[in-house]
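S.K.: Whenever a hint applies, use it, and build me the whole structure from the sequences.
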Amino acid sequence: MIESAMDDMKTIERCRAGQTEVFGELVRQYQSQAIGHALALLGNLPDALDVVQDAFVAAYQALGRFDASRRFYPWFYTILRNRCYKVLTSRERRPVTDIDNVQLLAPPADEAWGDESAAVQRVLKELAPEDRELLVLKHLDGLTYEELAQRLGVPAGTVMSRLYHARRRFREKFTGMLDDHLAGTDE
Amino acid sequence: MMSERCEKVRLAAMAALDGEPPPLSEQEIREHLAACAACRVEVEQLQRAMAPLDRQKPRVFAQDVWPGVEAALRKQTAPAQPRREVYVFAVLGLFLFACKVLGVLPELGGNWPPKVLPLVAAIVVFSVLKQNPFHITGNLKLEGDLR
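Protein sequences appear in the order of chains P and B. Quick note: the first sequence, position 38, residue 38 per our numbering, numbers continuous. Quick note: the second sequence, position 23, residue 1023 per our numbering, numbers continuous.
Rather than coming from a laboratory, the hints here were simulated on the basis of the structure. Predicted model, so just to flag it, every value in this text is computed and none were measured. A hint or two may mislead.
Claimed, not checked - Taking lysine-lysine pairs in the DSS-like style, the calculated list, with each CA pair at most 30 Å apart, reads:
no., chain 1, residue 1, chain 2, residue 2
1, B, LYS1100, B, LYS1115
2, B, LYS1008, P, LYS86
3, P, LYS173, B, LYS1008
4, P, LYS10, B, LYS1075
5, B, LYS1057, P, LYS125
M.R.: So this is what it looks like as structure tokens:
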């Protein structure tokens, strides 16, 4: 972790010195993670790719304001998140109906867990973007409450409460889906 | 309707299960869960419901956004510069301008400081900011085919 922060810092110093191509190292290091996070919020891959690209361009332009004592990705995430929410707000004015059926999760290592993975994927898709974001950051990325608080710009107490309610909504939908599945197999 | 105390204990219990410092002591949580079946069931069910999510891994995306980012950056000329350096360069610019003005004043003409100071100032500033405007490195690069 410390090594990665040091590497980020060195790369950023070179970018600040005008070596634009060095920024490509940072982009390639974090783009998969960023696409996943944008997709969790937007639920649409083309939009997610556009927003990630814009966010990296904006991050490059803002590197002068980057605090070298911080790690790159959490700082970048706030830029990415703001842009995702802008897209979501514009969708409220102009609703998008062609939400992709895009996978957020890696295929399970064991095929026996394939149904479970598909069910989790479906439930995540049905949740509100805020709940999906929180659950992905907590359960897939394994962030602590403190890290979540920094990413989302809210106090740790708020994270605790939001996470609790997001988990309840996940459970309701997941058990509802299992009940439907069981009822289907009984018939 | 869930009581305020029940909600507090549920949040604290979930935080403790996440390995976070809970807002209530472990003893308070344990005592409440022992006495309140609704909270006990709720916490157990939530913990169980999260297990399928915990077994998932984030997908790795093969898409490469760098070509698009690079193309956008090439259109913009200004490289990222920390604000601190912008101010230093502004001060240097003013200083060089002042030196030039002093240098052309007839009563100071022929004096060496206005001619030498700008160069010294530039070297000092570039050294302090670790800038390398001519990209001079210690690496030797052989060009052409030596065979």
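S.K.: Work down the list of hints and note, for each, if the structure agrees.
M.R.: Right, here's what the structure says about each hint:
1. B:LYS1100 to B:LYS1115: holds, 8 Å
2. B:LYS1008 to P:LYS86: Violated: LYS1008 of chain B and LYS86 of chain P sit about 34 Å apart, past 30 Å.
3. P:LYS173 to B:LYS1008: The given pair, whose Cα atoms are some 24 Å apart, holds under the 30 Å limit.
4. P:LYS10 to B:LYS1075: Holds, at roughly 25 Å.
5. B:LYS1057 to P:LYS125: holds, 16 Å
Checked against the numbered hints above, the structure breaks only hint 2 and satisfies the rest.
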